[in-house]
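6 protein chains.
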Amino acid sequence: MSAMECLEDDLKLICGRSNPDLGKEIAALLGTSLCQIRLSTFNDSEIHVQIEESLRGKDVFIVQPTCQPVNENLMELLIIIDACRRASARQITAILPYYGYARQDHKSTGREPISAKLVADLISTAGAHRVVAVDLHAAPIQGFFNIPMDHLTAIPILAGYFKNKGLKDMVIVSPDAGRTKVAEKYSDILQVPMAMMTKRRRGVGGQELQFFDIVGNVEGKTAILIDDVISNGSITKEAEMLSRSGAREVYLSITHPVLVGRAMELLQSSSIRELVVTNTIPVSAEKRLCSQVKVLSIAPLLANAIRRIHQNRSVSALFLEANLVFPV
Amino acid sequence: MSAMECLEDDLKLICGRSNPDLGKEIAALLGTSLCQIRLSTFNDSEIHVQIEESLRGKDVFIVQPTCQPVNENLMELLIIIDACRRASARQITAILPYYGYARQDHKSTGREPISAKLVADLISTAGAHRVVAVDLHAAPIQGFFNIPMDHLTAIPILAGYFKNKGLKDMVIVSPDAGRTKVAEKYSDILQVPMAMMTKRRRGVGGQELQFFDIVGNVEGKTAILIDDVISNGSITKEAEMLSRSGAREVYLSITHPVLVGRAMELLQSSSIRELVVTNTIPVSAEKRLCSQVKVLSIAPLLANAIRRIHQNRSVSALFLEANLVFPV
Amino acid sequence: MSAMECLEDDLKLICGRSNPDLGKEIAALLGTSLCQIRLSTFNDSEIHVQIEESLRGKDVFIVQPTCQPVNENLMELLIIIDACRRASARQITAILPYYGYARQDHKSTGREPISAKLVADLISTAGAHRVVAVDLHAAPIQGFFNIPMDHLTAIPILAGYFKNKGLKDMVIVSPDAGRTKVAEKYSDILQVPMAMMTKRRRGVGGQELQFFDIVGNVEGKTAILIDDVISNGSITKEAEMLSRSGAREVYLSITHPVLVGRAMELLQSSSIRELVVTNTIPVSAEKRLCSQVKVLSIAPLLANAIRRIHQNRSVSALFLEANLVFPV
Amino acid sequence: MSAMECLEDDLKLICGRSNPDLGKEIAALLGTSLCQIRLSTFNDSEIHVQIEESLRGKDVFIVQPTCQPVNENLMELLIIIDACRRASARQITAILPYYGYARQDHKSTGREPISAKLVADLISTAGAHRVVAVDLHAAPIQGFFNIPMDHLTAIPILAGYFKNKGLKDMVIVSPDAGRTKVAEKYSDILQVPMAMMTKRRRGVGGQELQFFDIVGNVEGKTAILIDDVISNGSITKEAEMLSRSGAREVYLSITHPVLVGRAMELLQSSSIRELVVTNTIPVSAEKRLCSQVKVLSIAPLLANAIRRIHQNRSVSALFLEANLVFPV
Amino acid sequence: MSAMECLEDDLKLICGRSNPDLGKEIAALLGTSLCQIRLSTFNDSEIHVQIEESLRGKDVFIVQPTCQPVNENLMELLIIIDACRRASARQITAILPYYGYARQDHKSTGREPISAKLVADLISTAGAHRVVAVDLHAAPIQGFFNIPMDHLTAIPILAGYFKNKGLKDMVIVSPDAGRTKVAEKYSDILQVPMAMMTKRRRGVGGQELQFFDIVGNVEGKTAILIDDVISNGSITKEAEMLSRSGAREVYLSITHPVLVGRAMELLQSSSIRELVVTNTIPVSAEKRLCSQVKVLSIAPLLANAIRRIHQNRSVSALFLEANLVFPV
Amino acid sequence: MSAMECLEDDLKLICGRSNPDLGKEIAALLGTSLCQIRLSTFNDSEIHVQIEESLRGKDVFIVQPTCQPVNENLMELLIIIDACRRASARQITAILPYYGYARQDHKSTGREPISAKLVADLISTAGAHRVVAVDLHAAPIQGFFNIPMDHLTAIPILAGYFKNKGLKDMVIVSPDAGRTKVAEKYSDILQVPMAMMTKRRRGVGGQELQFFDIVGNVEGKTAILIDDVISNGSITKEAEMLSRSGAREVYLSITHPVLVGRAMELLQSSSIRELVVTNTIPVSAEKRLCSQVKVLSIAPLLANAIRRIHQNRSVSALFLEANLVFPV
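Residue numbers (the numbering used here), protein chains in the order written: chain A, 1196 to 1523; chain B, 1196 to 1523; chain C, 1196 to 1523; chain D, 1196 to 1523; chain E, 1196 to 1523; chain F, 1196 to 1523.
None of these hints come from the bench; they were simulated from the model. There's no promise every hint is true.
Heads up, simulated DSSO-like pairs for lysine-lysine below, C-alpha to C-alpha not over 30 Å straight-line [unchecked claim]: (1) A:Lys-1394 x A:Lys-1432; (2) A:Lys-1432 x B:Lys-1380; (3) A:Lys-1376 x B:Lys-1376; (4) B:Lys-1360 x A:Lys-1394; (5) F:Lys-1219 x F:Lys-1482; (6) A:Lys-1376 x B:Lys-1219; (7) B:Lys-1482 x A:Lys-1394; (8) E:Lys-1394 x F:Lys-1219; (9) D:Lys-1376 x C:Lys-1432; (10) A:Lys-1482 x A:Lys-1432; (11) F:Lys-1482 x E:Lys-1363; (12) F:Lys-1489 x E:Lys-1358; (13) B:Lys-1380 x A:Lys-1380; (14) A:Lys-1376 x B:Lys-1394; (15) C:Lys-1380 x D:Lys-1380; (16) A:Lys-1394 x A:Lys-1489; (17) A:Lys-1360 x B:Lys-1394; (18) D:Lys-1380 x C:Lys-1394; (19) D:Lys-1432 x C:Lys-1376; (20) C:Lys-1376 x D:Lys-1358; (21) A:Lys-1394 x B:Lys-1363; (22) D:Lys-1360 x D:Lys-1376.
With beta-carbon atoms standing in for the labels, derived distance ranges [stated by the list, open to error]: (23) F:Phe-1407 x D:Arg-1483: 49 to 55 Å; (24) E:Gly-1252 x C:Lys-1394: 46 to 52 Å; (25) B:Gln-1231 x D:Asp-1204: 31 to 37 Å; (26) B:Ser-1440 x A:Gly-1441: 18 to 24 Å; (27) A:Glu-1481 x E:Ser-1479: 31 to 37 Å; (28) D:Arg-1212 x F:Glu-1481: 38 to 44 Å; (29) A:Ser-1303 x B:Glu-1435: 52 to 58 Å; (30) F:Ala-1223 x C:Ala-1512: 28 to 34 Å.
Positions of the beta carbon are idealized from the N, C-alpha and C atoms, including for glycine.
Using the sequences plus the hints, can you model the full thing?
This is how it looks when you write it as structure tokens:
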């Protein structure tokens, strides 16, 4: 394909240290190699960056999910962007398959930061010209940027996995009121019903006590409990409640596998059939040993987006294609 | 109260033309008078602003919901801000009880604007130092601003109305997946269960056909169908479905009464018991004649916020008080 | 011409809803078609924009005079720009054949806005990279922008019309002290003398009373009364005074036909021979029925400017050519 | 007056080197002393600034007309502003009684700068919070700033001088089409008629030849030829033409006495009765020896403006007072 | 002291987690208490900030050296600033007793970042109004900010320690060419001579081999080897070379005790008599057990600066006082 | 060379009035001609710029060292940049072979400006996209810009001159503590030792008295006294002291020949063997007559940098080549 050839001289793909395997996979899919860069952390914890190929006039893409350790990975991203800008790159696209701090997207009470906006401002200040992200915690985070922002979604990939599995009597379950729109997207693609769990608080100020409520019908069904992020595994509690409420089987379908703290332990001691995630965040070989864990690759989606951005072709077409994969 | 006296010399309350009654009510509650300002629209549709009192070093508050006609009201707000800035006001607070374009808060497909962000940028560019809004369509809109933004809520006022009414067996119903978090707030304050309606789409691309689904139990219950905005009254369809599904009575509880198109007609021909709204947007005398319509005033909340901002006292305390009104 | 061929793939011409005929005429002159775009106004008066062709890397031109309803048309322009920016257009040129609010270009008294500057800031904030305008009310408005601004003039077109008509004994008349520089341009092109009308105010503060004065000689002459804008037709008063002062015939030559209020009525009941305008603002079929109204097209000038900007050729050369059309 | 007392501790008046006498006069009128500052120019032509009093939290006013040498004076102003900003001044007001480069306020042809806008941006970038200027070449220059800008006028002072002189049969003459609005202001204050001179150009491109035209009646009258700036004295040509055209006497009334090149020589060899100017720009003792030169002080106007700005009182009231000085 | 009383209501002192003891010491010196704030790090490594006292209209000072872990501490600082800004603090002063990344203050080769500038931009973007730092690696870092920046120095404190010790025959030694200006400051205060060490590189590109050179005389002298930062202790090599070159005793005098890696080990196995540092960075109890380590407190200097900034008194006076402590 | 051909149509080389010979030399080396531009200074000292070739879409380089008269040259640079920006240049690179005000790169005491940062902000504000400079007074000045900045050095050229001369027993001498890093670069290239001079101040505040100290060994050696700038020639005092201290011969090697005041006189009456400089600043024919003065051309370095920037090739490679010229 002749359009591919022109990728070589002009496009530079830089990969930070937060997800090197993803970077390599994308490079392979694009038929290019990763830009030579020296990334080191000094003894005193400062990051040092030295890019070893000329970037003058190049179209630079930086792959760096800001997963844990989020502050390290974010600063590394910002410093790489600064180096690219000062090296006269023509265009700098920051690709954050996982966008750390996305859940701090509004003030829920007084005197809180809006860290997701702060992060957007930091990225813009450092000099990025464009941002690509996947399944942001809230869609309006797009508006935190004035530079173009392509918001991709892994939901068709995840939903496709369940479709191909041929599961019967599925119900998509949102673990709380904030994820119902995500659940609805799965529900649309798979053409199955949905349910929602709510947490009710009691007492003055609503701080005292909590209990769950399942809104909708899960009895005898295969529950696909969805979320954008699995962090410390507290979602296993909701999964257990679904089982207790009569769900035949419970699957978790979650884009970003943060998986910290006791997450793996909770998962393994639960009755959850499978945890299906993508590789926006690296999943260690150890975690992959767990038979419940299934990792789908986001690399083809990102490689496709990079190619289209670089060739000035529509990225929104990507979504359409993705949708066309799962017609009813 | 001595703190009130100092309001007089330093605070200037300006009211645009989009909701003059609300401005007067706030002024009365603050014990002040509205700043003299000449607002006119020339024959050629250009707005002209002339402020008739000195604003040098003053703490200026501009009350202007950007309700319909939204572009007129927004431009009037921007021009007033520009005049205040050039008149050397010390601090300019734009109060948008209703924030037009809030629903365009993200790109739902390619090549759309994010008009809610554009509006935030326009307000910041014009020179506002702070923004106050009520029940934004999405909380992350707060993050569209880098200037301080106080996000107030009318939900305690609306929920309090139903509490005082002594209704039995209430269920809070979200009309779609996007409003479940709002429903949850009502549910928390009133300590009653919630339900959600979903629209399922069929066919390739999901465009062909729609049908409703009620997630949760409404049978025999008093359904409080909530929303942030009632625009052209299409929510009456959801209300009718609730009735058909066995809800004993249906109330609508909605912060912003946009009420355009056939909204009043649809309301009046429906079985909806009451439409409870606030006066963030003016409700005409004619509409108020309809016995189903109940308007609660947002003015005390806004007057309180203005006083606290002007006196450098905590505004978040307002929410706490609001919550304390409805202990279980 | 080979330079024309390359227009097709890279240039995108978008036309808002304020002057669709002008957009079509420009597209025809450029041998291209208008970019597919869906522009709608919701029931609640919000504008929605959806661009239906990919703009990635394109050179986008948006034709949108901000004539009445000025706030609608301006907001539509800003929202289109926002959509183009977020769609990764390479370059966005806003073409305002008529620049609304241009007359509010300075503070004439305390506590006024400078709305013409506000508009410039709004356009820059929305994300335009360049602006093209025609016969601005004041040349320094160019300096309200830091992005490149091409200020075109229709005066050679209008003056050429009178030249071709073979009128004798012309005198160019400025209706007030503010338009004398415009009059001088006509005078230079046509090589005929000029006159000026002044309004004198009496009394303390100069507010009480007005009377006209004609500075210069108009007796027995064909008076070409010029202006940049004809709004509500009050200029017919000056025209009548010229007649009373001995002018043989009076023509109006005005770039922008705002023509609101009683303008057509006043024109038709006057002794004005012709009102010559351009189509920077749409002139309705009904108005065109009036035999006094003569509309000259600005489209060739704008098409030429777009072509030159797109091909990185000098635009200032346009003026030179224009001047060369009318050598003495 | 108690309001004066509070001037002392909080207000700091800094005077650059472009018009030290004006600074001293203003200080005396305000009953304060000039802030200690060391201003020097090194051998290599670099300016060095060292402010010798603490400015933390102070309300700083910097008096610096950017008259010739304009680049020296402008850079000195910018460097003083930078020093004030870094010294944590609370508010910095740049007072430019004369605003250099004001005549470069638009592009008159392709590939010109708009230096008046550049200067505005430089002043804003350096860190000024507010600007005060007198009789700008074009009122829209106000809009070149987004910081508050108070545009004062010396016309009432100049016109008052002629009024007090008791001259008969005055006519205000604008030397070209660009100054007619200024002439009109004189005409309004003095309630006398006006005339205008025009320069007509011949030939292709209008470059070849020039001749003057007087629009309006000057015969037998006392002509007050007005302008904003007298630079190299070429206006004496217009004055001579007025004499030749029958004006009984010719006075020049001009705010800013740039007076460079052969200006004094041309003045002295002309029949001009008086050149009336202000001291926005220093007029050397040598020039003041010329009996035709009459200098009126702008210091009371500026002192008044400073006091009002510092005390947060309306500055626009100043204009009103100024107008009230000359009722009919 | 009455000036102290007013500190209470208006000033808020916030302390991040990087040096809590320093914060407490400053609070004690100011006679105030630290602002209540909840700082936590989630399992997934995201920082969360919740300020528990109202900051509206307050003068906020945030003490947070960005020492190791630098990225954690910097992000915590930025998030606190964001929270303060959105909480309507009147003024936010970021106090960085140690400024991480300061040594990356220029590009030493192609395609490097200038991380010290990036950090300055991030702090400004987050919303700080002023910065205070101590002994920056390079003075021009002040210019990386456009907000006011107070650059304090601990050198008088450190030099005073040696003066009070009554050491004889001191020579100040700069460990490399980059620290000679710092050495000169010690030399000025103590009125003793200085020496410099240089590293010479051999071979093509100078990369192959290094050897030291001592420029100046150290034989038989008490060498005070100075630096701004002691990081991994490599300076002990220079100290050893001084001993080998005949220095009687070697002291290290260094503002910022980073002390990572094998630093303590190298120190303890060296012949260095004392390592004198300040507490800009916390020195653990364990390190303090080492008898060579002497920690001087920077808290009085910072408390004094905060008091002066808050009271709008000159901070530069601080330096003068500091210098006056050590007259000859 | 085919890469050269493409220079013609796209690259525009503009030369201001501060160093026209350098501009011509660079143009000749690039095989191009200087862009036609009219630069004039009006009688009233205002600069006027008119560019006479179209710059639309061009890659513009402006050569303008801001040497004395620094304010004239800097303003001329800013005005040219403004004209280029408004003329739609694609990219504007400001080349400042000498960067005026570079020595004011930090506050050395309270209430000083940081003029070097102000200059950087002015250049960025005017619209430059990139800056090229040579041997800045301090490397961190690079960080004063956020636009890309290429910092070139003439040290290899100067050092090469001495190497080729075959001088024996060289010692590189820094005239003060601030230039030791520059001395070290010479020392690295020439592989010879270095020495440093210090000025010691006595008395309270260190203001009273000064005396020199030579740190290191110069006896019997050929001293190369280096500096970045020779301004009024005070460095001849340091040279004389080197002679008195036993240096066999003293050469001065200095990048920027400011040479004002009594500099030439002091040089000629000194025992300095040669003053070796570059032509970043014009050296008059008269000064060149002095046999001690040797001027090396910087033009090849700048031409090479321009060619590489224009062709998007690495500029840092330039330094490598430069270093390779002088292997040991």
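Comparing the hints with the structure gives:
Using a Cα cut-off of 30 Å, the hinted pair A:Lys-1394 and A:Lys-1432 holds, with the two alpha carbons roughly 12 Å apart. Annotation: proposed proximity of A:Lys-1432 to B:Lys-1380 holds, straight-line Cα distance about 22 Å (limit 30 Å). For the hint pairing A:Lys-1376 with B:Lys-1376, the CA-to-CA distance comes to about 11 Å; that is within 30 Å, so the pair holds. The hinted pair formed by B:Lys-1360 and A:Lys-1394 meets the criterion: a straight-line CA distance of about 25 Å does not exceed 30 Å.
Our distance criterion of 30 Å between C-alpha atoms is met by F:Lys-1219 and F:Lys-1482, whose separation comes to about 20 Å. With a C-alpha separation of about 40 Å, the suggested pair A:Lys-1376 and B:Lys-1219 falls outside the 30 Å cut-off, and the hint is violated. Between B:Lys-1482 and A:Lys-1394 the CA atoms are separated by roughly 38 Å; this puts the pair beyond 30 Å, and the hint is violated. The hinted pair formed by E:Lys-1394 and F:Lys-1219 fails the criterion: a straight-line CA distance of about 41 Å is larger than 30 Å.
A threshold of 30 Å between alpha carbons decides the hint, and for D:Lys-1376 with C:Lys-1432 the separation of about 20 Å falls inside it, so the pair holds. Between A:Lys-1482 and A:Lys-1432, the direct Cα distance comes to roughly 20 Å. Compliance with the 30 Å bound is thereby established for this hinted pair. For the suggested pair F:Lys-1482 and E:Lys-1363, the alpha carbons sit about 50 Å apart, so the restraint of at most 30 Å is broken. In summary, the hint linking F:Lys-1489 to E:Lys-1358 is not supported, as the alpha carbons are separated by about 48 Å, beyond the 30 Å threshold.
Proximity of B:Lys-1380 to A:Lys-1380 is assessed by CA-CA distance (about 24 Å); at most 30 Å being required, the pair is judged to hold. Among the hinted pairs, A:Lys-1376 with B:Lys-1394 is consistent with the structure: their alpha-carbon atoms are about 11 Å apart, no more than 30 Å. With a C-alpha separation of about 23 Å, the suggested pair C:Lys-1380 and D:Lys-1380 falls inside the 30 Å cut-off, and the hint holds. Pair hint A:Lys-1394 plus A:Lys-1489 holds up; C-alpha atoms about 28 Å apart against a cutoff of 30 Å.
Proposed proximity of A:Lys-1360 and B:Lys-1394 is supported: the alpha carbons are some 25 Å apart, at most 30 Å. A C-alpha spacing of about 11 Å is found between D:Lys-1380 and C:Lys-1394, which places the hinted pair at or below 30 Å, so the restraint holds. Using a Cα cut-off of 30 Å, the hinted pair D:Lys-1432 and C:Lys-1376 holds, with the two alpha carbons roughly 20 Å apart. Straight-line distance between C-alpha atoms of C:Lys-1376 and D:Lys-1358 comes to about 29 Å, which keeps the hinted pair within the 30 Å bound.
Among the hinted pairs, A:Lys-1394 with B:Lys-1363 is consistent with the structure: their alpha-carbon atoms are about 21 Å apart, no more than 30 Å. Taken as a hint, the D:Lys-1360 and D:Lys-1376 pair is honoured in the structure, with Cα atoms around 23 Å apart against an allowance of 30 Å. The hint said 49 to 55 Å for the Cβ distance between F:Phe-1407 and D:Arg-1483, and at roughly 51 Å that hint holds. At about 50 Å, the CB distance of E:Gly-1252 to C:Lys-1394 agrees with the hint of 46 to 52 Å.
Hint check: B:Gln-1231 to D:Asp-1204, Cβ distance near 33 Å, so the stated range 31 to 37 Å holds. Take B:Ser-1440 and A:Gly-1441: their Cβ atoms lie about 22 Å apart, and the range 18 to 24 Å holds. Distance hint check for A:Glu-1481 and E:Ser-1479: the Cβ-Cβ separation is about 33 Å, which falls inside the suggested range of 31 to 37 Å. Taking the beta carbon of each, D:Arg-1212 and F:Glu-1481 are about 31 Å apart, not inside 38 to 44 Å as hinted.
Judged by the Cβ atoms, the range 52 to 58 Å given for A:Ser-1303 and B:Glu-1435 is violated: they are separated by roughly 35 Å. Under the hint 28 to 34 Å, the C-beta atoms of F:Ala-1223 and C:Ala-1512, about 30 Å apart, fit the expected range.
Consistency note: the structure conflicts with the earlier hints numbered 6, 7, 8, 11, 12, 28 and 29.
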